[in-house]
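Enquirer: Take a look at the letters that make up each chain.
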Amino acid sequence: MEFALLTPLAIPVILAVLSLTIDSAQLRRYSPVASSAAVLVSGLLLIGPALERGGATSLSDLLRADALSSYMLAVVGAVGLVSTWGGISSVAASRGRTAGSYGALLSLFLAAMSLAVLADSIGLMWAAIEATTIATAFLVGHHRSRRSLEAAWKYVILGSVGVAIALLGIVLIYAASIDTDTPTLSWLVLSQSGLGLDPALVTAGGALAVLGFATKSGLAPMHSWLPDAHSQAPAPVSGLMSGVLLSVALYAILRIQTITNAVIGPDFLRVMLSIGGLLSLLVAASLLIRQRDYKRMLAYSSIEHMGLMAIGVAIGPAALPAVLLYILAHGLIKATLFVISGRILAVEGTPVIADVKHLLARRPGMAIPWLIAMSALIGFPPFSIFFAEVGIITAGWSVGMGGVVGAALVLLLVIFAALTRLTVGMTMGSPPESEPFVADRSAHGPRLPIILALVATASMAFIAEPVGTLLLQATAVLGGTN
Amino acid sequence: MTETLYTQLVGLCTGTLLLTSALMVWRHSLLASIRLLAAQGVALAALIAVMGAEEGEAELLLVSVLILATKGVLLPWVLAHQSKATIRTIEESPRLNPTAALLTVTLLTILSYVVVSQLIGLGTSVASNAAPIGLAMILTGFLLLITRRRARSQLIGFLLLDNGIATVAFLTSGGVPLLLEFGVSLDVLLVVLILHVFTGRMRNKFGGTDVDQLRELHD
Numbered sequence: 001m002e003f004a005l006l007t008p009l010a011i012p013v014i015l016a017v018l019s020l021t022i023d024s025a026q027l028r029r030y031s032p033v034a035s036s037a038a039v040l041v042s043g044l045l046l047i048g049p050a051l052e053r054g055g056a057t058s059l060s061d062l063l064r065a066d067a068l069s070s071y072m073l074a075v076v077g078a079v080g081l082v083s084t085w086g087g088i089s090s091v092a093a094s095r096g097r098t099a100g101s102y103g104a105l106l107s108l109f110l111a112a113m114s115l116a117v118l119a120d121s122i123g124l125m126w127a128a129i130e131a132t133t134i135a136t137a138f139l140v141g142h143h144r145s146r147r148s149l150e151a152a153w154k155y156v157i158l159g160s161v162g163v164a165i166a167l168l169g170i171v172l173i174y175a176a177s178i179d180t181d182t183p184t185l186s187w188l189v190l191s192q193s194g195l196g197l198d199p200a201l202v203t204a205g206g207a208l209a210v211l212g213f214a215t216k217s218g219l220a221p222m223h224s225w226l227p228d229a230h231s232q233a234p235a236p237v238s239g240l241m242s243g244v245l246l247s248v249a250l251y252a253i254l255r256i257q258t259i260t261n262a263v264i265g266p267d268f269l270r271v272m273l274s275i276g277g278l279l280s281l282l283v284a285a286s287l288l289i290r291q292r293d294y295k296r297m298l299a300y301s302s303i304e305h306m307g308l309m310a311i312g313v314a315i316g317p318a319a320l321p322a323v324l325l326y327i328l329a330h331g332l333i334k335a336t337l338f339v340i341s342g343r344i345l346a347v348e349g350t351p352v353i354a355d356v357k358h359l360l361a362r363r364p365g366m367a368i369p370w371l372i373a374m375s376a377l378i379g380f381p382p383f384s385i386f387f388a389e390v391g392i393i394t395a396g397w398s399v400g401m402g403g404v405v406g407a408a409l410v411l412l413l414v415i416f417a418a419l420t421r422l423t424v425g426m427t428m429g430s431p432p433e434s435e436p437f438v439a440d441r442s443a444h445g446p447r448l449p450i451i452l453a454l455v456a457t458a459s460m461a462f463i464a465e466p467v468g469t470l471l472l473q474a475t476a477v478l479g480g481t482n
Numbered sequence: 483m484t485e486t487l488y489t490q491l492v493g494l495c496t497g498t499l500l501l502t503s504a505l506m507v508w509r510h511s512l513l514a515s516i517r518l519l520a521a522q523g524v525a526l527a528a529l530i531a532v533m534g535a536e537e538g539e540a541e542l543l544l545v546s547v548l549i550l551a552t553k554g555v556l557l558p559w560v561l562a563h564q565s566k567a568t569i570r571t572i573e574e575s576p577r578l579n580p581t582a583a584l585l586t587v588t589l590l591t592i593l594s595y596v597v598v599s600q601l602i603g604l605g606t607s608v609a610s611n612a613a614p615i616g617l618a619m620i621l622t623g624f625l626l627l628i629t630r631r632r633a634r635s636q637l638i639g640f641l642l643l644d645n646g647i648a649t650v651a652f653l654t655s656g657g658v659p660l661l662l663e664f665g666v667s668l669d670v671l672l673v674v675l676i677l678h679v680f681t682g683r684m685r686n687k688f689g690g691t692d693v694d695q696l697r698e699l700h701d
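From first to last, the protein sequence lines are chains A and B.
Position 145 of the first sequence, counted from 1, bears residue number 145 in this note's numbering, the numbering being contiguous throughout.
Going from the second sequence to this note's numbering is simple: count from 1 and add 482.
Errors might be hidden in some of the hints.
One-sided and incomplete, this derived list gives chain A residues near chain B with beta-carbon spacing under 8 Å [as the list claims (entries may be wrong)]:
1. Ala131
2. Trp153
3. Tyr174
4. Ala175
5. Leu345
6. Ala346
Simulated from the structure, these hints should not be mistaken for lab results.
From a predicted model like this one, the values you see are computed outputs, not experimental measurements.
Note that CB positions come from ideal geometry on N, CA and C, so glycine has one too.
My request is simple: use the sequences and hints to build the entire structure.
Expert: Pasting the structure below:
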């Protein structure tokens with residue numbers, strides 16, 4: 001299976017080079033889709049051995065796929081597939097001057113995220129996450145307008161400063177291991193207990209690394225780049241950033257947490273992550289109530305969901321299977337919603353919620369999947385987000401963090417009301433009779449990826465084998481046995 | 483290398499690092515800041531070379547050459563890539579006056595000594611004794627990022643921050659593995675190139691590079 005560690009890195013890079021060099025509209029349209037498929041297939045191939053032997057596939061000291069890594073790789077591939085396939089550019093757009101670099105950057109973005117989840121060294125993981133900033137900088141600024149330039153500038157400055165803080169943390173963790181027998185950056189070695197790491201250095205390093213990666217995963221108070229970048233980027237890029245880039249940063253936090261847990265125990269990061277999570281929910285709730293732009297609405301909803309995931313990470317092993325299910329469900333639903341929002345923006349020509357009314361009557365082809373996906377996002381059963389949220393809240397209750405999950409629940413209720421009001425405002429009602437219209441049943445893009453994403457999110461929580469087993473295995477990798 | 487000579491060389495290099503950081507806050511001319519950044523890159527490379535020579539590690543000497551090439555030559559060259567006549571005239575009008583800024587740098591330096599001594603102790607080795615300098619550089623980089631209005635001055639703040647992290651890395655642990663060091667340098671170089679391109683686009687769109695003009699997106 002060792003080759004499956006290299007394919008998610010090699011195939012996107014090859015496709016990126018091809019779409020830069022070969023002037024073919026079809027190749028440029030489909031190369032990001034093919035890259036996502038390659039990542040997804042590699043992830044699924046790696047899940048097999050991780051489940052069977054409970055072990056990991058590794059290649060030299062650099063790449064390693066255990067249950068958690070292979071699961072995350074499959075998530076990156078699946079969300080990537082929905083985003084790139086659903087948001088596939090038109091033939092005319094792929095003849096444009098920047099089409100080659102657009103496709104190439106999307107592929108490189110996927111490769112960088114794959115490297116981040118497959119790296120065994122936290123240093124290499126850091127470099128890969130920084131590389132995602134580089135790959136997405138031009139994608140955020142793709143439209144070259146004043147606003148997208150502003151969004152891209154903020155994103156690159158805040159993103160790289162945040163990740164630079166994480167680098168400082170990693171340097172301190174490395175410094176903590178310098179007095180042991182083997183100075184190392186491998187998380188596999190560092191997370192073994194009894195290594196004799198210097199607790200003070202690990203505390204400082206862990207705090208800085210988590211702070212840095214929290215910036216990248218959009219947790220308050222370092223979230224301010226997120227709504228701008230998500231609202232200005234093209235739809236597939238927003239889908240990928242919101243759906244998986246944030247969770248890849250959360251994955252980095254999980255790995256760092258394993259190291260600090262082994263040395264100084266869970267309480268320190270628990271406080272930090274709980275505060276960050278609750279603040280994110282508060283920011284999302286207060287800005288969603290009066291939100292006017294539907295792409296920004298989705299961006300703030302990402303901050304909300306990352307906040308709840310951070311609370312789940314703070315709770316620890318009892319909540320981790322739910323957090324991991326959450327990552328997949330949120331990724332698929334957010335990719336779907338961003339793809340549809342891109343189509344609405346293209347057809348309606350405005351990102352303002354108040355200007356997009358009566359969508360269900362006028363454009364049922366887009367409004368029906370939008371409504372279903374919004375209800376999944378808000379947390380209705382049978383969609384997996386519901387089960388993940390319930391899992392996190394009950395786990396929090398059972399480990400004695402009732403206060404935190406109680407506060408989270410109140411904020412969730414506010415967000416629930418705000419999102420429902422905004423969605424109803426966009427879709428329900430029928431236009432006045434003075435405005436004649438013909439119902440537009442076209443989906444304005446491929447339907448299949450959206451259907452697949454919705455079906456997968458609705459059914460995932462009910463599949464015990466292999467999904468449930470995999471989630472438990474992945475939790476075990478992080479040092480908890482539920 | 484004798485013990486005193488080594489101590490003095492480390493002191494000289496870290497002193498230069500701190501001095502250039504403070505001067506960057508004081509000077510408002512972009513050209514001066516870029517020259518200071520280049521000098522700082524050279525000082526950082528020299529520090530690594532001194533440590534490498536002391537410990538007899540060939541790998542550190544290699545890293546030193548890499549740092550000299552990227553931080554001492556390449557990055558300043560990218561930033562100054564414009565006609566000399568234009569760049570000479572670019573002056574920054576920061577949000578903080580020079581006296582207040584220098585006072586803040588002093589306070590930040592004292593703060594870093596306090597933090598480091600509380601956190602990990604000032605250590606026994608010559609190198610880890612100087613570790614607070616790295617933290618002071620990081621904090622000064624933040625100060626530049628916050629108080630400067632021009633896009634390229636913010637970029638210089640980011641690079642100062644990065645130099646600070648590299649300094650901490652070398653003073654506390656003798657540097658991260660070579661492969662990672664290579665990746666970090668490449669990443670920083672790419673970020674600077676990207677922001678450089680954005681600065682150009684900003685100049686085309688807004689007719690200037692005042693970051694304060696970027697305030698259309700908000701809630």
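Enquirer: Work down the list of hints and note, for each, if the structure agrees.
Expert: Hint check:
Hint status for alanine 131 (chain A): holds, given a least beta-carbon distance of 7 Å to chain B, under 8 Å. Checking tryptophan 153 (chain A) against chain B: minimum C-beta separation of about 6 Å stays under 8 Å; hint holds. A cut of 8 Å between beta carbons decides the hint on tyrosine 174 (chain A): the least distance to chain B is about 5 Å, and the hint holds. A cut of 8 Å between beta carbons decides the hint on alanine 175 (chain A): the least distance to chain B is about 4 Å, and the hint holds.
For leucine 345 (chain A), the interface hint is violated, the least distance from its beta-carbon to any beta-carbon of chain B being 16 Å, above 8 Å. Annotation: interface hint on alanine 346 (chain A) violated; nearest CB of chain B at approximately 20 Å, more than 8 Å.
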